[in-house]
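S.K.: What follows is each chain in one-letter form.
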Amino acid sequence: MNASHFIDRRKNPKGKSLGNRQRFLKRARAQIKEAVNKSLRERSLKEIDKGEKISIPAKSTAEPRFRHDPETGEREVVHPGNKEFGQGDKIKKPPKGAGKGQGKKASTEGDSEDSFQFTLTQDEFLDIFFEDLELPNLVKRSLKEIKATAWKRAGITAAGSPTNMNLIRTMRNAHGRRLALKRPSTREMNALKERLFQLERIAQPGEEEVAEKKSILAKLEEMEARRRWAPFIDPLDVRYNAYEPTPVETTAAVMFCLMDVSGSMGEREKDLAKRFYMLLYLFLKRRYERVEVVFIRHTHHAEEVDEETFFYSRQSGGTVVSTALEKMLEVQKERFPAHEWNIYVAQASDGFTQSGDAKQCVQLLQDAVMPVSQYYAYIEILDERELEVFSSEDSGAELWRAYRTFAPAWPNFAQTRIARPQDIFPVFRELFSKSKREAA
Amino acid sequence: MSELAAKPDLLFSGADWDFETLQRTLDAIEEIALNDLKLDVYPNQIEIISSEQMLDAYSSHGMPLMYKHWSFGKHFARDQMMYQKGYTGLAYEIVINSDPCIAYLMEENTMTMQALVMAHASFGHNHFFKNNYLFRQWTDAEGILSYLDFAKKYIAKCEDEYGFEEVEAILDAAHALMDQGVFRYNRPPRLSEADRMAKLARRAEHEEMTFNDIWRTLPNTEEDEEEKEVRQQEVRFIKLPEENLLYFIEKASPILRPWQRELVRIVRHIAQYFYPQKQTKVMNEGCATFVHHYIMNELYNQGRIGEGTIMEFLHSHSSVVFQPDFDDPRYSGINPYALGFAMMEDIRRICERPGDEDRELFPDIAGLSQKGGDWRDVLKDAWANFRDESFILQYLSPKVTRDFHLFAIADDAKEAHVEVSAIHDERGFRRVRERLAAMYDLGMHDPNIQVVAADLEGDRTLHLRHEVHNGRALSEKTKDAVLTHIETLWGHEVDLQEKPA
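Read top to bottom, the protein sequences are chains A and B. For the first sequence, the numbering used here assigns the number 3 to the initial residue and increments by one for each residue that follows. For the second sequence, the numbering used here assigns the number 554 to the initial residue and increments by one for each residue that follows.
It cannot be assumed that every hint is accurate.
[Stated by the list, open to error] Residues from chain B that face chain A, not an exhaustive set, calculated with beta carbons under 10 Å:
1) 598
2) 657
3) 696
4) 731
5) 870
6) 872
7) 1022
[Said to hold, decoys possible] These stretches of chain B come out as covered by chain A in the derived footprint (C-beta under 8 Å, 3 or more residues):
8) 616-628
9) 974-980
[Unchecked claim] When the alpha-carbon atoms are kept at most 30 Å apart in a straight line, the in silico DSS-like pairs for lysine-lysine are as follows:
10) 831(B) / 792(B)
11) 967(B) / 683(B)
12) 1030(B) / 61(A)
13) 710(B) / 95(A)
14) 834(B) / 85(A)
15) 35(A) / 792(B)
16) 831(B) / 61(A)
17) 94(A) / 967(B)
18) 287(A) / 154(A)
19) 28(A) / 1030(B)
20) 28(A) / 705(B)
21) 61(A) / 1052(B)
22) 95(A) / 1030(B)
23) 706(B) / 13(A)
24) 710(B) / 154(A)
25) 792(B) / 1032(B)
26) 95(A) / 1032(B)
27) 85(A) / 967(B)
These aren't lab readings, by the way, just hints derived from the structure by calculation. None of the values given here were measured: they were computed from a predicted structure. All residues carry an ideal CB built from backbone N, CA and C; glycine is no exception.
Use the sequences and the hints to build the structure in full.
M.R.: Below, the structure is given as structure tokens:
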């Protein structure tokens, strides 16, 4: 009968092919990157941190083999499902190119000769997405918060608690010592005992046998002594895994989202701002272990709200931008001391504020906000028509002009304009691109 | 549960399974497979895996152990997407030609599917692997797993030592020649190869046992004089022309270092291991499908599976053996399951209820059952001694030709028309059979490229020749890319001539 048996492998570690996947992504890196960037231009940022189906040219990862050229020579192929053909029937070949119609169709839907489609995971996608982007290299980035201590392996020691005993090392040492001290093995002893047993069973032992018996007994005794003297495991052999506590440093960042929610900011403007915030949030999340987000909305007075309210509820009132900055400072002082947190501020506005308030804002920024912040991004959200009007950097709404005067003094201050969703990613890249940082 | 209570003989009812049910069902299947069909199988090892693990196994030739390479990652990415989007289902099983015979069952399968798959893989394929002459002669079922294990570790070590890129370059190049890396006609120098494999596996094992940081031996960088002498001796024994490009390159390449030769050898061994499978798709699947069909029906006849189960089984079975017509959008060639199963059933029919044409064409087996013979023996003889090409030539009957409405199309690239050269009638039957058989001759299918000369003392150019058959030239699309790969392995100029046969 056959010995059939079942093995349950479902609990085996998954991702056996991870190594293969990494090799594959590495190989097609350039093409994948291009595909990711292309897909970004085309689609909404809402699902930015989801995995993404991308399609890369098949050539980059082709596995060529020698093949026959289908357009040369003769061949005779058997097919099933004949309906009306008779022997000798001639069928006109489809014109060249048309015959490939099916292949062409397939290429837009799925995988074909020319392209290769697959899905990137969220992590892989973000990796490629944020490649070449760097956080502004600012003083405080090295700030660390010590959150916890963790035990780390720190080699082997001769002293420790029994639970940490390293069996392999211990047994290896013991083995070496036993060899060196020539400890008689159990097998040798058993062989002698066996012989002794045989001898003892002889009813009338001869002289020779008596002598052998004696010598065996003596030898056994000596071996016993030796074994006592060179034990199987000696306290000297024992080794322990050593652990030592190491502080784990975590870096934390807080991101303040400030937004004007007065009547002049419509759904479209808020949506654009939201996309920018999302990008910034994802980006920070990849760089810091902890990222807190504070939403502050303002009209003529500012308040801290939750995300839902921030983006979707409306409020009417005038516009006083400086109130938001004041609120932000208040929250920051209360909950996010500057020596513990990396502080990022992103402000979105349509650029209009009560007359005279712009000056107040600049004052606040200069005196209080910029000194504690890592980075301050001001995004002015415009109409597409307005963008044309304000094509020059110098012209603009009141806030923009005011910020322009003060920005040069602060390298970690950035202001930019967005009018269409497709501007967001380029603008974002521009703000954080490595090369620009290095140049700056 | 009510069905089970009403019919105590039932092995199971409903879709859920547990190990107890699996074991009980396996025993019942085994009973039929061994005592009724009298199959001869390796011991079975059946592993339950998740769909993700199935995808894993899929992407690397269906082997449980495989070295790492980006192309497997690529296949995985594609299969995963196809699967997640629902374009394709996963195979219900993967089975490995090894001793013990390892079959994978997916945990998502219903109990009916598990039964089907066990009958199909653990007895059908298993019997075929153990008995078919190609597998017996050309592959080494006992050694394959330890060899793959060795290959995986060896390649990982090489990656550590020489870097990803170096290893990848060699593997890429060797993969491009896999179709030209097998011995087709003459048997491979089997004994010495088997010895080598065993030796290497033993060496790997030994290294594992005596692992020591100080003495860790790296894959050797330089070959010593003795090794070189042996290798050059082997090169002198190669009679040109040589059809196995990988073998020739591995032995004779002027530039490869020993570890690189080993990589080429690994790829070559794997190509050779899969070569019998490529030559017996129709038979292998036909055998397994016939066996599962017989066993499931027998279980039903014995009252051990219920109505619902047999209906579910028939549903899966008929989609497995579905053959779309040539003008159907789903058509992508002849379905080996369909053709294989139809031919196996047909052989049984010829034995039991032959018609006049069968008596004329198959005098040896027609009506054998009435003469006290057994169709089982006829099938087992066919499974053991044929490959697809010869099997079709020998056993394709006019009835199967008619059932499939087979017809042959002659296509000359120079002509504006294709011609129907034969159909499933009396006149055309032999021609259809001969053409169909030829389609399964891999020697005709893969371009026939041979080493004709290599000037090892002089300018070291490697001369290859493509034996052109029926005017079919090599596709320009891939030719140069493959030649570049060969140059990577050879290190000097490579010259490929097309020679009309």
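S.K.: Decide, hint by hint, whether the structure agrees.
M.R.: Consistency of the hints with the structure:
no.	hint	in the structure
1	598	6 Å, holds
2	657	8 Å, holds
3	696	20 Å, violated
4	731	7 Å, holds
5	870	19 Å, violated
6	872	16 Å, violated
7	1022	8 Å, holds
8	616-628	holds (count 7)
9	974-980	holds (count 6)
10	831(B) / 792(B)	26 Å, holds
11	967(B) / 683(B)	46 Å, violated
12	1030(B) / 61(A)	11 Å, holds
13	710(B) / 95(A)	54 Å, violated
14	834(B) / 85(A)	27 Å, holds
15	35(A) / 792(B)	49 Å, violated
16	831(B) / 61(A)	26 Å, holds
17	94(A) / 967(B)	12 Å, holds
18	287(A) / 154(A)	26 Å, holds
19	28(A) / 1030(B)	25 Å, holds
20	28(A) / 705(B)	20 Å, holds
21	61(A) / 1052(B)	29 Å, holds
22	95(A) / 1030(B)	22 Å, holds
23	706(B) / 13(A)	23 Å, holds
24	710(B) / 154(A)	28 Å, holds
25	792(B) / 1032(B)	25 Å, holds
26	95(A) / 1032(B)	26 Å, holds
27	85(A) / 967(B)	26 Å, holds
Comparing the model with each numbered hint stated earlier shows that hints 3, 5, 6, 11, 13 and 15 do not hold.
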